[in-house]
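Number of protein chains: 2
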Amino acid sequence: MINSSICTIGDEILIGQIVDTNSSHIAQALNGIGVRVTRMVSFGDDRQTIISSLERELKENRIVIVTGGLGPTKDDITKPALAELSGSRATRTDARQLEIIHRLLKAKGLDVLDINAAQAAVPDTCEVIPNRLGTAPVMVFRFPAERFGHECTLYSLPGVPFEALGAIPDIINDIKEHYPADDISHKTIMTYGLAESQLAKLIEPWENSLPENIHLAYLPNPLTGVRLRLSVYGGDKTAEDKIIGEQTESLRKILGDCIYAEEDTNLQETVGRLLLKSGKTLSCAESCTGGMISHLITSVGGSSRYYLGSVTSYANSVKENILGVPAGIIEKYGAVSSECVAKMAEGVRRITGSDYSVATSGIAGPGGGTPEKPVGLVWIGICTPDRTETFSIVYKNDRKRNIERFSASALDFLRRAIEKDINNL
Amino acid sequence: MINSSICTIGDEILIGQIVDTNSSHIAQALNGIGVRVTRMVSFGDDRQTIISSLERELKENRIVIVTGGLGPTKDDITKPALAELSGSRATRTDARQLEIIHRLLKAKGLDVLDINAAQAAVPDTCEVIPNRLGTAPVMVFRFPAERFGHECTLYSLPGVPFEALGAIPDIINDIKEHYPADDISHKTIMTYGLAESQLAKLIEPWENSLPENIHLAYLPNPLTGVRLRLSVYGGDKTAEDKIIGEQTESLRKILGDCIYAEEDTNLQETVGRLLLKSGKTLSCAESCTGGMISHLITSVGGSSRYYLGSVTSYANSVKENILGVPAGIIEKYGAVSSECVAKMAEGVRRITGSDYSVATSGIAGPGGGTPEKPVGLVWIGICTPDRTETFSIVYKNDRKRNIERFSASALDFLRRAIEKDINNL
Numbered sequence: 001m002i003n004s005s006i007c008t009i010g011d012e013i014l015i016g017q018i019v020d021t022n023s024s025h026i027a028q029a030l031n032g033i034g035v036r037v038t039r040m041v042s043f044g045d046d047r048q049t050i051i052s053s054l055e056r057e058l059k060e061n062r063i064v065i066v067t068g069g070l071g072p073t074k075d076d077i078t079k080p081a082l083a084e085l086s087g088s089r090a091t092r093t094d095a096r097q098l099e100i101i102h103r104l105l106k107a108k109g110l111d112v113l114d115i116n117a118a119q120a121a122v123p124d125t126c127e128v129i130p131n132r133l134g135t136a137p138v139m140v141f142r143f144p145a146e147r148f149g150h151e152c153t154l155y156s157l158p159g160v161p162f163e164a165l166g167a168i169p170d171i172i173n174d175i176k177e178h179y180p181a182d183d184i185s186h187k188t189i190m191t192y193g194l195a196e197s198q199l200a201k202l203i204e205p206w207e208n209s210l211p212e213n214i215h216l217a218y219l220p221n222p223l224t225g226v227r228l229r230l231s232v233y234g235g236d237k238t239a240e241d242k243i244i245g246e247q248t249e250s251l252r253k254i255l256g257d258c259i260y261a262e263e264d265t266n267l268q269e270t271v272g273r274l275l276l277k278s279g280k281t282l283s284c285a286e287s288c289t290g291g292m293i294s295h296l297i298t299s300v301g302g303s304s305r306y307y308l309g310s311v312t313s314y315a316n317s318v319k320e321n322i323l324g325v326p327a328g329i330i331e332k333y334g335a336v337s338s339e340c341v342a343k344m345a346e347g348v349r350r351i352t353g354s355d356y357s358v359a360t361s362g363i364a365g366p367g368g369g370t371p372e373k374p375v376g377l378v379w380i381g382i383c384t385p386d387r388t389e390t391f392s393i394v395y396k397n398d399r400k401r402n403i404e405r406f407s408a409s410a411l412d413f414l415r416r417a418i419e420k421d422i423n424n425l
Numbered sequence: 426m427i428n429s430s431i432c433t434i435g436d437e438i439l440i441g442q443i444v445d446t447n448s449s450h451i452a453q454a455l456n457g458i459g460v461r462v463t464r465m466v467s468f469g470d471d472r473q474t475i476i477s478s479l480e481r482e483l484k485e486n487r488i489v490i491v492t493g494g495l496g497p498t499k500d501d502i503t504k505p506a507l508a509e510l511s512g513s514r515a516t517r518t519d520a521r522q523l524e525i526i527h528r529l530l531k532a533k534g535l536d537v538l539d540i541n542a543a544q545a546a547v548p549d550t551c552e553v554i555p556n557r558l559g560t561a562p563v564m565v566f567r568f569p570a571e572r573f574g575h576e577c578t579l580y581s582l583p584g585v586p587f588e589a590l591g592a593i594p595d596i597i598n599d600i601k602e603h604y605p606a607d608d609i610s611h612k613t614i615m616t617y618g619l620a621e622s623q624l625a626k627l628i629e630p631w632e633n634s635l636p637e638n639i640h641l642a643y644l645p646n647p648l649t650g651v652r653l654r655l656s657v658y659g660g661d662k663t664a665e666d667k668i669i670g671e672q673t674e675s676l677r678k679i680l681g682d683c684i685y686a687e688e689d690t691n692l693q694e695t696v697g698r699l700l701l702k703s704g705k706t707l708s709c710a711e712s713c714t715g716g717m718i719s720h721l722i723t724s725v726g727g728s729s730r731y732y733l734g735s736v737t738s739y740a741n742s743v744k745e746n747i748l749g750v751p752a753g754i755i756e757k758y759g760a761v762s763s764e765c766v767a768k769m770a771e772g773v774r775r776i777t778g779s780d781y782s783v784a785t786s787g788i789a790g791p792g793g794g795t796p797e798k799p800v801g802l803v804w805i806g807i808c809t810p811d812r813t814e815t816f817s818i819v820y821k822n823d824r825k826r827n828i829e830r831f832s833a834s835a836l837d838f839l840r841r842a843i844e845k846d847i848n849n850l
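Quick note, the sequences are listed as chains X and P, same order. Under the numbering used here, think of the first position of the first sequence as 1, with each following residue one higher. Under the numbering used here, think of the first position of the second sequence as 426, with each following residue one higher.
Calculated from the structure, these hints are not laboratory results. Mixed in with the good hints there might be a few duds.
Claimed, not checked - Restricting the straight-line Cα-Cα distance to at most 30 Å, the calculated cross-link-like pairs of lysine-lysine (DSS-like) are:
| no. | chain 1 | residue 1 | chain 2 | residue 2 |
| --- | --- | --- | --- | --- |
| 1 | X | 400 | X | 332 |
| 2 | P | 484 | X | 59 |
| 3 | X | 176 | P | 825 |
| 4 | X | 400 | P | 533 |
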């Protein structure tokens, strides 16, 4: 396997102000094409440190991916350091990136300042992959064998996460082109409803019987559930795809409807796909999730084709006056109750005229729990064209994570309800 | 300053399955006592890699903090590697940790297996700081100057985040006892409304005149704006704090109300703080932002004290039927218009009874734009107790980023409106 190293440059990482999440995404992508990550290193915005650290990584790895330190301001010194490292004596301006800079700033109604235009200037020792999402281009430095003892390549990416993530496909294509790897096939299977340890125990016999050239990775995420990634190495593509198809079939027999997709997706896209398929519409009523479910649903492009809207009823007065939850229900059962979420779901479905609706009421924390209704308890209500269902779960996380779990679980119950209706047609 | 390195051991980091958050917390704690973190490194569960990587870090740093690889299973080999590195020829059992192991497992109703008890056995070359939260103790290896060229210390912590975090105070106390440190002061200044490059140009003369021992970093984020971080080294705490106070004052003269806080915070917390200060309440009406503003506001603990709720009016029928936007307004001006967001803001304020309200209507993309109303256009409406204001901006990002920018800008206009009212009192 080809060895690689992922480097992050920035004082803000070293003082703990920012958690580096880019490296993890890059590592997933590299592993996906059979490139081994041997090390991840973060170091500061200091020219000599950058040069000596990168020299070390290039001696020991064929591929080095660097993020960060490419901003327009003067604390960002990755570019001059790379110029020195690669022996560049002049810069050239990349016309494609310059055009992108003009377009991005013009769209924001901003003038192109010298420091902006300077971002398109790169050392004459590198190739450029234009960055359509931001002003700093991706720079590719290819070093001959005599420099570090083996041919190696350094990719320099912006540190801003959405720009770094946006650049990954181009980097991966370039690596595939220059470093012929074995055939490798992947399949992603999305599951929801089982914790990673439960899932691992349930599929242990299946996992133990997997052929040696299949690798299984668990990628848990509070918003998507556990993503299983099957990778098959060392055969030809057709044989590998066949093995993956068979193993997915076996897995489906074990996990049933905990599997919600056989591609890399999420619950909100899956719900959208199901609604489009059945030609139905959706609305939400959110209390403890505070708008996050609606945010997730509308993060999908084209969601206006099936999504009508929502009411975030944070105050009880909003539950009563806008959603029409009877005051007596809240008095008798409390806002966090099966009865209340049922009325919330029915209320928002009535006032928006949607086919389906989903409602949440719970206690995200940190304060507010009681022994009967602890922090982490959520009630979820689902209205379909012919029934209302409610569910409750208790999570034990902090506020942020509880809100994520509540929202994802609500989307999963909704997904199951719509799937059931489609299957019963 | 004393230099340190933070190392993370575990294959799960290198395949991108887990994001390392321990290092960030440890870095914050080290910076807080004036210990500089020069590098963070992650490497795999391989004995020779562990030894050679740690030797390298110890040569270059007085303090090395290692997390991970201390579990009971056989793929965790940090302990034997540390035994070899430190020249240990025997293990000893730490009685305090053994007692903790018995107590923790008993509490879970589990028997103490040999592999559990073995966790209290440590190389005879280390000191132990008992870990009250888990079974693996913290090990402290002190190396004399002749070994790596300077006296240095290696701390080995468990990788489980809550155990690693739990061990930090003990480690910090040990470091303070053994390494008398310099003072260091930080200040974070939050700005919104200027792009990083605009901001840099505006404050360039100020930045150029900063004393040599002050370091400035720009940390842009679509949801919080550009965070400026000032760090002062090399004086005593009182003098450093005085310099920071003076420089912040100069900066405020340049940036004015683009500065929304002088601590590490965000717009939603700032809006919450202002509402609590003035005893007022808030509601939202969201179209293009789809619930994200409401999600951000309710991500703040205690937001129910000032936040009543929201309506996400994705469909025009919801704008009309729930928010009471006259159909004629939408027909005449379109949903993405000053007139429509004004009515949306007024409508949600009326039906919830809040003091303030904020409304958005725009085109997040990817499709849906026209030459007059391009993708990236957002109208923002703000209602205060005595006026309605509307604003428009055009962003040019992808859907996800546009929604974030729209939401943050809406919160910033709201922040300015509430500040204005407070200042006019």
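Hint check:
1. 400(X) with 332(X): 29 Å, holds
2. 484(P) with 59(X): 19 Å, holds
3. 176(X) with 825(P): Given that 30 Å is the threshold and the Cα spacing comes to 29 Å, the pair holds.
4. 400(X) with 533(P): 28 Å, holds
The structure meets every hint from the earlier list without exception.
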